[in-house]
Amino acid sequence: MKTSAREDLLEALCILSRDSPDPPTIAALSWHLSKPEDEIRDHLRALQNQGDLHILPGDRIEISAVGSLIGNQVMKKHRVLECFLSDILGMDRGTASEEACILEHDLSDEALERLDQYIARPRKRWRGGNTSRPHPQTLLDFPEGSELKVVSMKCPGGCQRLLDMGILPGERIRLVHTLDNKAMVIHVKGYDVAISPEIASCIYVEHTE
Amino acid sequence: MRLGLIGNPNVGKSLIFHQLTGIGVEVSNYPGTTVDLKKGNLCFKHEKLELVDLPGIYSLEGNSPEEVMVRTFIQEKEAEVLIAVLDATHLERNLYLLLQLAEFGKPLVVVLNMMDEAAKQGIEIDAGKLSAILGVEVIPAAAITGMNVADIIPAALFRARSPSVLVPYDHHIEAAIRSIQQVHPATRLQALQALQGIGTDPEVSALVDALAPEIEDMHRMSVAQIIAGNRHHRAETIAREVSYDKGDVKKNTLDSLLTSRRSGPIILVAVLLSILIAVFLIGSVLEEFLVSIFDMLFISPFLALPLNPLVRQLGLSFLLALQAGLGIAFPFIFTFYLFISILEDSGYLTRAAFLADRAMHRLGMHGQGLIPLILGFGCNVPAIMGIRLLRTRRERVIASFLVSMVPCSARTVIIAGIVAAFMGLPAALSIYGITLGLVILTGLVLSRITPGEQYGMILEMAPLRLPSLKNILTKAWFRIREFLVIAMPLLIVASLILGFLQFAGFFTFFQQYISPWSEAILGLPGYAATALLFGILRKEMALETLVILAGTADLPAVLTMGQIYIFAVVSVLFIPCISTIGVLAKVVGARITLLVSFYTLILGILIGALINLIIV
Numbered sequence: 003m004k005t006s007a008r009e010d011l012l013e014a015l016c017i018l019s020r021d022s023p024d025p026p027t028i029a030a031l032s033w034h035l036s037k038p039e040d041e042i043r044d045h046l047r048a049l050q051n052q053g054d055l056h057i058l059p060g061d062r063i064e065i066s067a068v069g070s071l072i073g074n075q076v077m078k079k080h081r082v083l084e085c086f087l088s089d090i091l092g093m094d095r096g097t098a099s100e101e102a103c104i105l106e107h108d109l110s111d112e113a114l115e116r117l118d119q120y121i122a123r124p125r126k127r128w129r130g131g132n133t134s135r136p137h138p139q140t141l142l143d144f145p146e147g148s149e150l151k152v153v154s155m156k157c158p159g160g161c162q163r164l165l166d167m168g169i170l171p172g173e174r175i176r177l178v179h180t181l182d183n184k185a186m187v188i189h190v191k192g193y194d195v196a197i198s199p200e201i202a203s204c205i206y207v208e209h210t211e
Numbered sequence: 021m022r023l024g025l026i027g028n029p030n031v032g033k034s035l036i037f038h039q040l041t042g043i044g045v046e047v048s049n050y051p052g053t054t055v056d057l058k059k060g061n062l063c064f065k066h067e068k069l070e071l072v073d074l075p076g077i078y079s080l081e082g083n084s085p086e087e088v089m090v091r092t093f094i095q096e097k098e099a100e101v102l103i104a105v106l107d108a109t110h111l112e113r114n115l116y117l118l119l120q121l122a123e124f125g126k127p128l129v130v131v132l133n134m135m136d137e138a139a140k141q142g143i144e145i146d147a148g149k150l151s152a153i154l155g156v157e158v159i160p161a162a163a164i165t166g167m168n169v170a171d172i173i174p175a176a177l178f179r180a181r182s183p184s185v186l187v188p189y190d191h192h193i194e195a196a197i198r199s200i201q202q203v204h205p206a207t208r209l210q211a212l213q214a215l216q217g218i219g220t221d222p223e224v225s226a227l228v229d230a231l232a233p234e235i236e237d238m239h240r241m242s243v244a245q246i247i248a249g250n251r252h253h254r255a256e257t258i259a260r261e262v263s264y265d266k267g268d269v270k271k272n273t274l275d276s277l278l279t280s281r282r283s284g285p286i287i288l289v290a291v292l293l294s295i296l297i298a299v300f301l302i303g304s305v306l307e308e309f310l311v312s313i314f315d316m317l318f319i320s321p322f323l324a325l326p327l328n329p330l331v332r333q334l335g336l337s338f339l340l341a342l343q344a345g346l347g348i349a350f351p352f353i354f355t356f357y358l359f360i361s362i363l364e365d366s367g368y369l370t371r372a373a374f375l376a377d378r379a380m381h382r383l384g385m386h387g388q389g390l391i392p393l394i395l396g397f398g399c400n401v402p403a404i405m406g407i408r409l410l411r412t413r414r415e416r417v418i419a420s421f422l423v424s425m426v427p428c429s430a431r432t433v434i435i436a437g438i439v440a441a442f443m444g445l446p447a448a449l450s451i452y453g454i455t456l457g458l459v460i461l462t463g464l465v466l467s468r469i470t471p472g473e474q475y476g477m478i479l480e481m482a483p484l485r486l487p488s489l490k491n492i493l494t495k496a497w498f499r500i501r502e503f504l505v506i507a508m509p510l511l512i513v514a515s516l517i518l519g520f521l522q523f524a525g526f527f528t529f530f531q532q533y534i535s536p537w538s539e540a541i542l543g544l545p546g547y548a549a550t551a552l553l554f555g556i557l558r559k560e561m562a563l564e565t566l567v568i569l570a571g572t573a574d575l576p577a578v579l580t581m582g583q584i585y586i587f588a589v590v591s592v593l594f595i596p597c598i599s600t601i602g603v604l605a606k607v608v609g610a611r612i613t614l615l616v617s618f619y620t621l622i623l624g625i626l627i628g629a630l631i632n633l634i635i636v
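So the sequence lines, in the order shown, correspond to chains L and A. Count along the first sequence from 1, add 2, and you get the number used in my numbering. Count along the second sequence from 1, add 20, and you get the number used in my numbering.
Derived DEER-like restraints, expressed as beta-carbon distance ranges:
1) L:66 / A:188: 36 to 42 Å
2) L:156 / A:309: 58 to 64 Å
3) A:487 / L:17: 57 to 63 Å
4) L:143 / A:186: 38 to 44 Å
5) A:468 / L:27: 54 to 60 Å
6) A:208 / L:103: 25 to 31 Å
7) L:104 / A:484: 46 to 52 Å
8) L:103 / A:152: 33 to 39 Å
9) A:614 / L:81: 55 to 61 Å
10) A:615 / L:210: 46 to 52 Å
11) L:44 / A:152: 36 to 42 Å
12) L:210 / A:136: 31 to 37 Å
13) A:186 / L:44: 25 to 31 Å
Calculated from the structure, these hints are not laboratory results. Just so you know, even glycine gets a beta-carbon here, dropped at the ideal spot from N, CA and C.
Chain L with its partners taken away, still in its complex shape (with noise of 0.2 Å):
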């Protein structure tokens, strides 16, 4: 099997073991990494094999020494480059989190601490440009005729009714109009909505080209 498959697997089951005190089940494994039991299964034999893992009757694994080593390092990497892919790079968090996924595997031990300690404390290290992190910029901050992605959303009680409008993470929209309050037309998979201030401004979004 592939490193990549193997340290998934043991960073799967570091974080499983994380949040409970019993060993994971080979069912809650396979929910978590979305693959089919049987294939985890095959998996899982060959960690055994390899001394990183115990199958325990009852269908649980329990991780060994070695197999926690990697699997935990595997996930602190993980945190770190989605840390900074999202937080410093401004990615949205959902692709981040999936970039992190494929690098995580492939960044050497001296790269991650060194990112981290980037992420620790980022003015000292950036010269010349932008010091602080953009701030996340609101439907409110932005003119008439701009062009905008919706970045994320937050709503005190739900959104339910801009999502059915299609107002979503990723969407793109322009501000046709706003109101000396702050009012606005936005327009959004071809057709024109209305929506007060206080909705707006729960509506984060970023420019685009």
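Model the placement of chain A on the given structure of chain L, informed by the hints.
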């Protein structure tokens, strides 16, 4: 057999409904809700069918009263076949609802409406391909020209199928659906609904509470966001596969003029003012005409009949109520609703709501609250019914106060009948000024003291269209029917009671009792106070009663100008009429209704006393 029409707002559902059913439509509340349901009958090959026009919705998983009602309607299998109406010019957004509908697995046919409009915008849609993807029949149609509308019923009767299209959800969502199904025998639809918090099974809810945070943690998005995202994505893919857009939609300069920051508010004020003035003028002319015809045809012949005094009194009261309703209120209300229907059908009403958002925020509501306020100028009763479209209780409470204070057409009759007639137009306008000023003041205060959260406006701008005469008349007729069905019967009963009291000599008794109070506080003679009191039953009756009790139509002979003015102000302000109170109780409950009545009563007397102090 029963068929249901379902679709987004503004897709031409109602037009199709009216074309299929013609005359004889029944509007009723769906049991247990305040949502209107239009039902009509039609005959196809000697079989009687019932067609239900469901309210326009954006989603089957939302929690607005309309969305919940339509969801229940479909789940309870109240219609055998559904007819889904899609707008060809906004295929993608409309497919979102259709994909949700497909999950319910009910037999349906799809009507792809507004094909003519789409062709004009350079959009071509391959209906055959769409039909193959969805797994149901797709009928390209244009309701406005009647194209293919005749095909809808045969297709729904003989070729309706359950759609085969499926939304592929994110693998975590799919896994969660499987987990729920393992624990509990649930369909895919039930599992999906449970994930979004719809459903009451405690076992499933507990499982969802465990699953959802994990998924949300992995995606950094709520489950509802992921599901909506997947559906929109599928809708987008389908729309792209079947439609071909030849060019960009041209930017509508008129629209941009109507909603721009500078010209928009000016146009809005101009439109509303000219409507009010036009209604005032047209209404007055029609009223005079109808009242004189009524007098000639019914009241004079009736008075000439030899009858016993009680029968004569009651008969006269009945005729006067009819005259007041049909001869006086009707011309104003119908003219008003004609204009409102034009505003609505042309798509301007949504723009007006947007422009008013700022002002309405000050009053504790948002843009959509403008619509019932405007409707209130016609008759408060349908306006109060319109309050239901506001989303939070806080806004409904505030709106119920403000709408009850808006001078309706019956109050316009008083203002026009005595103030404009005896004191001139400026004095009449000043009463409007006082009333609207108090509406605004009340709103400002209420917005600070009313408990509850405020939820802003999310309102789709209806496309600008040239309204068709037939549609406007139908809409105005539906609105006026609310007035005829709810307000008129109350009006007649109230009038009969009044006639009886007058016959029994109650007026003289009451007058003796109220005289010292009314003279001290309002500076009005006792009979004027009696007239005011009976204005509660019917606003414009205050004027009639005054004329009857004063014994002359030449009021300046018996009252000073100041007294006439005070009488008008108090009768306009205080206590909404009995029909409004009845509807208020239905929409916002007894407590708020009592508060509204009490508040307006105090306010009317207070302002009357204040004017009395100033001018005497």
